[in-house]
Amino acid sequence: MKTYGIIAAFDSPAQLMEAAKQMRTAGYTHFDCHSPFPIHGMDEAMGLKRSPVGYIVGGMAALGATIGFSLQTWVSTSAYPLVISGKPFFSWQAFIIITFALFVLFGAFGAVIGMFRLNRLPRLHHPLFYSDAFARVTDDGFMVSVESGDAQFDEEKTRAFLASIGGQNIEVIRGEG
Amino acid sequence: MPAIDTQTYSFTDKGRFGIIALGAGAVGIVLTVIGAFTDSHTFFASWLTAFAFWTTIVLGALFFVMLQHVTGAVWSVVTRRAAEALSMTLPLLLVFFVPLLFGLHDLFHWTHAEEVASDRLLQWKSPYLNTTFFIIRGLVFFVIWIGLAWWLNRSSLAQDADRNPMHTVTLRKLSAGGIFLFAFSLTFAAFDWLMSLEPHWYSTIFGVYVFTGGFLTSLAFLTLFFQYLRGSGILAEQITTEHYHDLGRLLFAFTVFWAYIGGSQYYLIWYANIPEETMWYLARWDHGWHAVTLLLIFGHFVIPFVTLLFFRLKRNAMVLRIIAGLIVVMHFVDMFWLVMPTFSDGGVHISWMHFTAVVGIGGLVLWLFWMRYTAHRAIPVFDPKLEDSIAHRV
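Order-wise, the sequence lines are chains A and B.
For my numbering, add 2 to where a residue sits in the first sequence, where the first one is 1.
For my numbering, add 566 to where a residue sits in the second sequence, where the first one is 1.
Hints are computed from structural coordinates only; laboratory data are not their basis.
Worth double-checking, as some hints may not be accurate.
[To be verified] Pulled from the structure, derived: some chain A residues nowhere near chain B, Cβ distances all over 10 Å:
#1 G29
#2 P38
#3 S87
#4 F92
#5 Q95
#6 I99
#7 F131
#8 G168
[What the hints assert, rightly or not] The calculated label-pair distances, taken between Cβ atoms and stated as ranges, are:
#9 A/F39 with B/D852: 58 to 64 Å
#10 B/A857 with A/Y82: 34 to 40 Å
#11 B/K739 with A/A103: 47 to 53 Å
Here the structure is a predicted model, which is why all the values come from computation and not from measurement.
Cβ coordinates follow ideal geometry from the N, Cα and C atoms, glycine included.
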């Protein structure tokens with residue numbers, strides 16, 4: 003069976019954070035930290051870059067605003083021009099509300115869809131779930147997982163390294179993902 | 567250069583901030599008073615502009631204090647003392663309110679008895695818009711604001727002496743009621759002092775508009791002030807990039823909110839197209855005023871919005887300083903834009919008295935602010951949330 007990677011448990015959020023720093027220093031890149039709640043400063047400890055989701059939202063919002071404004075301009079000036087309370091066909095003031103609404107709507111779509119895509123969701127199963135011990139990360143477990151795809155990965159050496167930084171219940175995960 | 571004791575956070579050296587502010591203020595007041603005797607009409611309009619500018623900023627600081635107490639905010643504890651000290655300049659602003667009472671005839675159309683006699687709308691409004699009630703309301707507003715500022719400061723400073731965490735609870739309760747009183751009093755103050763310049767015109771959202779500009783500018787003021795202190799090495803380790811980031815986010819939120827409120831007012835009036843409402847915007851578009859209006863849209867909204875949108879730019883001290891400075895200038899343009907079209911018969915005219923009045927009132931306000939701030943510890947040392955506030959991370 004294919005080796006997915008190795009997991010190791012730590013006692014506390016502080017130890018998990020310390021472990022993340024050690025992993026990063028040792029040159030691991032394909033590893034993740036799992037905890038029942040978000041830990042402040044973990045992004046930095048793991049060396050994660052800022053999520054690009056903000057730029058997706060920004061791009062989508064700009065697109066929404068452009069579509070909203072262009073649609074109304076097209077409808078009001080060429081497709082179906084109507085005189086409404088004596089105002090010009092191109093009354094940009096009247097278009098702002100819908101432009102703004104589409105700006106927000108598309109931005110929200112960008113946030114939701116972008117977040118799902120970047121997290122590779124939805125997915126129904128993950129190899130980490132082969133481990134029974136892993137279920138504890140939704141309760142009181144603090145775990146590090148290292149993927150076999152990491153350039154540094156070597157089953158014996160990585161196992162020894164995790165033990166040296168204080169990892170317990172080290173477990174190799176095998177199975178198809 | 568000012569300095570503080572790193573253990574007690576008390577000021578050991580007050581530096582020259584107060585003296586410079588006092589000097590500039592005194593010169594500004596003297597020049598403005600000379601102007602008052604040469605051209606009283608321009609003087610009153612300039613004074614009202616400058617008075618509205620500083621009063622809204624100081625009220626913004628009062629709101630900032632109450633908002634932090636009500637929400638139980640942790641990050642802002644280290645910044646609170648400066649906002650508290652700024653709110654304690656309200657008695658001085660009451661003094662600066664008095665000159666306006668001598669210019670009611672110059673400023674407010676509705677004080678002209680002969681005009682009211684021939685104007686049904688003004689007759690209808692006269693139970694509210696009359697000189698006596700106007701003065702009474704002005705005093706009531708100041709009593710509310712000074713009372714709140716005094717109480718908020720007293721309880722906060724008492725905690726420095728007795729270390730009692732119960733003050734934090736008292737302050738929260740006081741702020742919850744205070745914010746309610748504040749909303750009403752500021753709304754009606756904006757109606758009285760700024761909206762009634764055009765007594766035929768009305769907008770129910772006007773108070774929110776004035777409040778938003780003031781609160782936004784008080785955030786910009788706090789940002790600039792802490793960067794000034796940082797230049798002298800004061801609170802450099804207590805007020806960090808994380809706190810500036812939060813101030814930047816609030817600046818972002820309120821520059822958007824300002825545009826939202828300003829836009830809401832404009833679009834409704836544009837849609838309805840009723841002459842007695844549109845005339846207010848026509849006065850701010852014709853005869854060159856469109857340049858000021860566009861300056862506001864770009865300087866008060868578009869530029870800060872696009873800049874503060876970016877994570878890195880909010881955390882960049884230089885960028886934040888430039889944007890905060892821009893917002894302060896734009897708030898003055900905003901007040902100028904609210905007040906001056908009433909007095910301009912064709913064209914945008916800025917008088918030298920606008921500048922001397924802003925420096926005069928501002929210098930003395932900043933002097934009193936500095937005296938208040940340096941008289942006590944620079945941060946509330948026994949606030950139960952202080953440690954978390956210093957360690958705050960975004």
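Discussion item. Taking the earlier hints as the rules, which of them does this structure contradict?
Written reply: 3, 5, 6 and 11
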